[in-house]
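Starting from the known structure of chain S, arrange chain L on it as the hints suggest.
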Amino acid sequence: MASSVEQNSAPLSGLRALDLTGELGWLLGRILADVGVEVHKLDPPGGDPGRKQAPLVEGPAGAVSAAWVAYNMGKSRLDLDLATQEGRSQFLDLAAEAHFVLESEEPGKLDSLGIGWEALHERNPALILVSVTPYGQTGPLSNVAASDLELMSSGGAVWLTGDADRPPVRMTLPQSICWAGSYAAVGAMIAHHHRQLTGQGQHVDMSAQAGMLPALVHAPSFFDLLEENPMRAGGYLVGRNINGAAMRNIWPCEDGYVTWAIYGGAAGRQSNRGMVEWMEEKGMAPDFLREMDWSTFDVATVTLEEVSAMESAIATFLETVTKAEFLRQAEARRMLGYVVSTAADIVSDAQLEAREVWSQDFVSEIGKSLRFPDGWLRIDGVRHGVRPPSNGGKR
Amino acid sequence: MTAGLLERHGPLSGLHIVEFGGYGAGPAVGKALAEHGAEVVRIESTLRLDGFRTNYPPYTGNIPGIERAAMFAITNDNKMSVSLNLKTEKGRALAVRLIERAEVVVENFTPGAMDRLGLGHEAMLAHNPKLVTLSTCNQGRTGPQANRAGFGSHLTSLSGFTELTGWPDRQPALLWGPYIDYIAVAYGVVAVLAGLEQVRRTGAGCHIDLSQYETGVQWMAPALVRYFSNGEIMEREGNRDANAVPHGVFPCAGDQRWCAISVHDDAEWARFAAEVGEPWAKEPELASVAGRRAQEDRLEELIAGWSSAQVRELLVERMRAAGVHVAPVNDMGDLYSDIQLSYRNAFQKVDHPVMGVHAVPGPPFILSETPGKVTSGAPMVGQHNEAVLCGILGLSADELEELGASDVLT
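Those protein sequence lines, which keep their order, are chains S and L. Count the first sequence with numbering that gives the first Met the number 0 and you get residues 0 to 394, in order. Count the second sequence with numbering that gives the first Met the number 0 and you get residues 0 to 409, in order.
What the hints contain is simulated information worked out from the structure, not anything from laboratory work. Since we're looking at a predicted model, the values are computed, not measured. All residues carry an ideal CB built from backbone N, CA and C; glycine is no exception. Hints are supplied without guarantee of correctness; some may be wrong.
Distance windows between CB atoms, simulated [as the list claims (entries may be wrong)]:
no., chain 1, residue 1, chain 2, residue 2, range
1, L, ALA321, S, ARG327, 40 to 48 Å
2, S, GLU117, L, GLY304, 43 to 51 Å
3, S, GLU117, L, ALA396, 22 to 30 Å
4, L, GLU312, S, ALA53, 13 to 21 Å
5, S, PRO59, L, ALA203, 31 to 39 Å
6, S, ARG332, L, ARG169, 24 to 32 Å
7, L, TYR335, S, LYS281, 36 to 44 Å
8, L, PRO143, S, LYS281, 22 to 30 Å
9, L, ALA203, S, GLN199, 26 to 34 Å
10, L, HIS8, S, GLU117, 21 to 29 Å
11, S, PRO251, L, ALA321, 38 to 46 Å
12, L, GLY230, S, PRO251, 20 to 28 Å
Only chain S is shown next, with the shape it has when bound in the complex (with noise of 0.2 Å):
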């Protein structure tokens, strides 16, 4: 353990997880491997079936799920069937030497095959298992199958989203996913913050439903103190005017989109300011924009017609710019505001560079290399991840 420990400066190196997994569980893994913990992914024969899930990424050796991909770098694979005395057996052996297993079984599945929380925890007290399933472990729903859609829309954050004219929508890269993996790692890690005081491991239940709600922040909270509920406004900002007015925040430009919005307050003064003056410069902004007192204006106050005019002039003038430029203007006339980016502009990203977040990797499945986010974790200005940046390597 302690030349691993040597091999790699990250947190938690030596420490050993077994990964079950299939798509729930995915990405709390990868994060795990993130900090440090060698993370052993465990497939029945044939392999994990997420594999096959469109969309696909393919190479001279054949095509694979690019969600697949993404969330399991930095993890090692080794076959097993569980479905076998032998597998299990093997499996229990495994786990007596592991720290974490993870799995995202329905619930009672792992016990039917003896392998469940009890048996893990006699052979090995000390170990945490973290389950990811859409309901959780026990309750009314516990062995109710969910696809993402459903996790998005039973959670509710479906209901938010979308243009008021047609039905809810959820976002097209599956997000339940990642909130339950992610919020399944934060208890993974809780859980051995316990075992290091007391050396007892315990069952870590993580409901994908549930962890839906932190990505509604307050919105619920419209409907505990004043029995409201937040309808979905296409690209608009509501609840922010007393006279009802949705601000714009999702704008049309020469190549895509721009985010930005009428504000209040001493920031979005100055960025409303910024805006005008930009029009102004361009010989776009009309006299009741040029004219406006920012000073006095109250975005909390201000008219439906006073926002409709404001709002009809600025798209208009955002509609003759491209996203790079909007980037550079609003950056030096401090408006507030980004670009709407694509998968093209963020892999481009001059701060993403600079901050080494990409790495690469060779991807046995399809043959080639391929390059990947990583690097999220910086502690003491070393950048930590599952492979060393591909940006010139200086770590």
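Positioned in the frame of chain S, the structure of chain L alone reads:
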């Protein structure tokens, strides 16, 4: 126990945490730790109030007020508040004394602000060599955009989430609130606990520089890997999915009652079709994935026509019994009566001196031996001045009175 200090139990009850900052990303890290027993002392001041106290509805009784804001209340439960004016020397000295006895400091001021107060991480480490400090800000403390200001909703767009939300023939839709802040919160808690492990191993404190943007990019990884692989730019697709068809949100009887239905293979379609029982559900063309995909627009209209006459709760119950993926699209009120969230006590009630009894979301996970708990409502500004300054730091009643009369306690 000293009067006024919070009673604490849990796996983190040995931790003392000092928190500087406001809004979501920093304080919600403290919340998760406090719900598992950590002592969290917020340093705040009426001179520069947390934006979560002042900027966002809802407020109790719909009356704005710094002790009435839900946004603050649900992000700061189980904590204590000390109102120190950090612009004064005495205020900073008292903050340092709290830092000296802490294991963790969490801050989310803009980069450089703590340094200007003489409370940068190196200065704090000099006071307490075993301290873990977490700085969480928009884009990290280094790099060309380190000092860029911005709201969480904007950063959510910069990280790619907004582009992937909404209908392909419309502009993107916003996600609710500062979505990305709460992504960074999970990574922030993991980072703090990893930092504590490093201190246990090395005996030396450390500083963690967490960029919210980078945590969002972690989640965005599947879209980025696709781009790196073949230049493909992922696009929003409404509620459709590459694996399941149908896969959508459908209206039920009543106003704004919706359900989610997804069918992942032909056997599931057969179960769904049998429950629906309409003539169209028996069409042989729809029995295969390819057939359903070819007619997805029509299929969605047919399902919506059928579902809009159904009582949602009955539809959900029937389809679940039949083994079909289904769920109610819970609105905010539905969440409080959801049988599974209620079973897990996902929202916990606290009684607040100003807000009265209100709901706070607790941890989304349950630890079998040491479950987290919402034990007290968010503190009022300076509510724990006496408990902390006298009870913990040992100031006398006279000293406290003197500070209160000066500009130190504000």
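For each hint, the structure was consulted:
Checked against the hint of 40 to 48 Å, the pair ALA321 (chain L) and ARG327 (chain S) fails, with Cβ atoms roughly 56 Å apart. Between GLU117 (chain S) and GLY304 (chain L) the CB atoms are about 50 Å apart, so this pair conforms to the stated range of 43 to 51 Å. Taking the beta carbon of each, GLU117 (chain S) and ALA396 (chain L) are about 54 Å apart, not inside 22 to 30 Å as hinted. For the pair GLU312 (chain L) and ALA53 (chain S), the beta carbons lie near 32 Å from each other, so the given range of 13 to 21 Å is not met.
The beta-carbon spacing between PRO59 (chain S) and ALA203 (chain L), approximately 47 Å, falls outside the hinted interval of 31 to 39 Å. Separated by about 29 Å at the C-beta atoms, ARG332 (chain S) and ARG169 (chain L) satisfy the suggested range of 24 to 32 Å. Range check, TYR335 (chain L) to LYS281 (chain S): Cβ separation about 50 Å, and the 36 to 44 Å hint is violated. Taking the beta carbon of each, PRO143 (chain L) and LYS281 (chain S) are about 25 Å apart, inside 22 to 30 Å as hinted.
In this structure the hint that ALA203 (chain L) and GLN199 (chain S) lie 26 to 34 Å apart at CB holds, the actual value being about 27 Å. Restraint check, HIS8 (chain L) to GLU117 (chain S): a C-beta distance of roughly 25 Å satisfies the suggested window 21 to 29 Å. Taking 38 to 46 Å as the suggested C-beta distance range, the pair PRO251 (chain S) and ALA321 (chain L) conforms, at roughly 44 Å. Range check, GLY230 (chain L) to PRO251 (chain S): about 23 Å between beta-carbon atoms, so the 20 to 28 Å window is met.
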